[in-house]
Amino acid sequence: MPVNLKAKLIDKKELIPGIFKFSVEAKEIVEKSKPGHFIEIRVNDQTEPFLRRPISIHNLDKESGKLEFIFQVKGKGTKILSTKNVGDLIDIIGPLGNGTFKYESYNNLAIIGGGIGVFPLYELAKNAINDGKNVNTYLGFRNKDLVVLEDEFKNVSTNLVLTTDDGSYSQKGFAIDFLRHDIEAGKVDSIYACGPLPMLRAVQKLAIEKNIPCQISLEENMGCGLGVCLGCAVKTASSPKDAPQYVHVCKAGPVFKAADVDI
Amino acid sequence: MNTKINFAGIEMKNPVTVASGTFGYGREYSEFFDLSKLGGIITKGTSLKPRSGNKPARVCETASGMLNSIGLQNPGVEYFAQNDLPFLRKFDTAIIVNACGSSIEEYVELCKILNTLDIDGVELNLSCPNVKAGCMAFGNTYEGVKAVTSEVRKVLDKPLIVKLTPNVTDIASIAKAVEDAGADGVSLINTLLGMKIDINKRKPVLANNTGGLSGPAIKPVAVRMVYQVAQAVNIPILGMGGIVNGEDAVEFMLAGASAISIGAGNFIDPYTSVKTAQGIEDYMKKFNIDDVKDIVGKVEMN
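Going line by line, the protein sequences match chains H and A.
Reading the first sequence from the start, the letters are residues 1 to 263 in this note's numbering.
Reading the second sequence from the start, the letters are residues 1001 to 1302 in this note's numbering.
Worth flagging that the hints you see were computed from the coordinates, not collected in a lab.
Among the clues, some could well be false.
In silico PhoX-like pairs for lysine-lysine, Cα to Cα no more than 20 Å straight-line [what the hints assert, rightly or not]:
#1 1196(A) <-> 1037(A)
#2 1293(A) <-> 251(H)
#3 126(H) <-> 27(H)
#4 1055(A) <-> 241(H)
#5 6(H) <-> 1275(A)
Here chain A is said to cover these stretches of chain H; the calculated rule only asks that three of the stretch's residues, wherever they fall, bring their Cβ under 8 Å from a Cβ of chain A [claimed, not checked]:
#6 132 to 143
#7 212 to 223
Label pairs and their calculated CB-CB ranges [stated by the list, open to error]:
#8 1195(A) <-> 235(H): 51 to 59 Å
#9 1291(A) <-> 243(H): 48 to 56 Å
#10 240(H) <-> 1115(A): 27 to 35 Å
#11 32(H) <-> 1087(A): 39 to 47 Å
#12 1116(A) <-> 32(H): 51 to 59 Å
#13 27(H) <-> 1001(A): 31 to 39 Å
#14 1210(A) <-> 235(H): 39 to 47 Å
#15 259(H) <-> 1001(A): 28 to 36 Å
#16 1210(A) <-> 61(H): 42 to 50 Å
The beta carbon of each residue, even a glycine, is placed where N, CA and C say it ideally should be.
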């Protein structure tokens, strides 16, 4: 059950140019949140920009009630959000989504993220490592300048592989190639992914090929974020060819079993 | 202070309803407030058989509003009757089903079923711009509106409201068709057909290319149309289009709407509808108005 509250901004950092980490006091949301949940933010009390911004949850501190989210300045809304100052109140609805990451029945997790898709994977990795799981994390970025959260993920991973497409930092290549290698070495019993669509498609294909359970976190244009407007549709994998069936990212997701959706 | 109204034969505790397609079947927003605070709930557009809706992307933001091309995804009337209506009936509010179809026969079949359900009224959707057959195809001519509405009227004893599309040249003549066909009320406006282009991809943002524009961006058009319809017909008007607060609602009522609907405004703030009801009361206090009905149509033209 989501709640709507005005959360106080208690810390703000620009991780790399254009990417901000916000820490807010949101006890009522934190209490109910699980890895994979998202929130919706109204950036001002005007009608321009109009809609709320869906943003994934990066980190939860269950004791203090602190919630952290990271966003990239992409348009009007995130630009306004980035100008908020410590002490300001931020209008948030959350936690949202019914599909969250479920790792409890597995032991050897492969967590793979690309670009700004790595943010929601942190809470998952943190929970899993605290539960004694093996957490193999694979993070891919385009180049050195876009690498974020390396130390944070190192602290919540048994093993971290960090790649850049151009080899300007750490391993050269795509994160999925390292994942494939570890799957073939028998180190992985489940996969959790978030990132750009081409990456998710490749991970989905690999998981099906290797017959490994896989959960992916999806994005789609959203209207309400609550399951009302039915805007953020995603086609189900079981759809008959001539009669597509849809579920919704905000309601059934944002995390889906990779085998259940046609992306 | 009296905020109760009788709209087209439907008793409402206040003139604030929530618009079709922006409130689902009530469950999601019931987690934020007691739905009994609403004058009425207009359900998601519901058809005879389930509909899967359009390909994504289905929504995008525009200046002070949004475009949608959902394509009437809904579980069908049978599912609604079994699963959603019992839930909605737990609340002390009017339940009005938005009914959509692809042919006159389908509208009639659907309304025969709706006539047997425990609902307060039907809002006939002759205005969805996002489906290939039916809906707006009937809604943009006098003859089309009159034909569907007359046939439905024959099988529906419950209050009948017809929802109009603004994508027409003369909204007043369309509203007249509703009245001539014997409906009890008219609701307007549905969304305005629009398009947004991604200049980097050089393609429309919505998969369906076009979609319906809603939100404050369309409010002046909606207010003008409500005014024009109020001059043309004697049946009551349910006014909507970009209302996000009590002041907006009063504007529609002054133009001639007896009741109003909150649409996309629900998305930006789950409490928009209840705040709007309060805002209407604040206006009444400010101007010493005892009965909400006394606002309706009271605009004095220049």
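To see whether the hints hold, each was checked on the structure:
no.	hint	in the structure
1	1196(A) <-> 1037(A)	36 Å, violated
2	1293(A) <-> 251(H)	39 Å, violated
3	126(H) <-> 27(H)	19 Å, holds
4	1055(A) <-> 241(H)	13 Å, holds
5	6(H) <-> 1275(A)	17 Å, holds
6	132 to 143	violated (count 0)
7	212 to 223	holds (count 4)
8	1195(A) <-> 235(H): 51 to 59 Å	23 Å, violated
9	1291(A) <-> 243(H): 48 to 56 Å	52 Å, holds
10	240(H) <-> 1115(A): 27 to 35 Å	33 Å, holds
11	32(H) <-> 1087(A): 39 to 47 Å	22 Å, violated
12	1116(A) <-> 32(H): 51 to 59 Å	40 Å, violated
13	27(H) <-> 1001(A): 31 to 39 Å	38 Å, holds
14	1210(A) <-> 235(H): 39 to 47 Å	21 Å, violated
15	259(H) <-> 1001(A): 28 to 36 Å	58 Å, violated
16	1210(A) <-> 61(H): 42 to 50 Å	46 Å, holds
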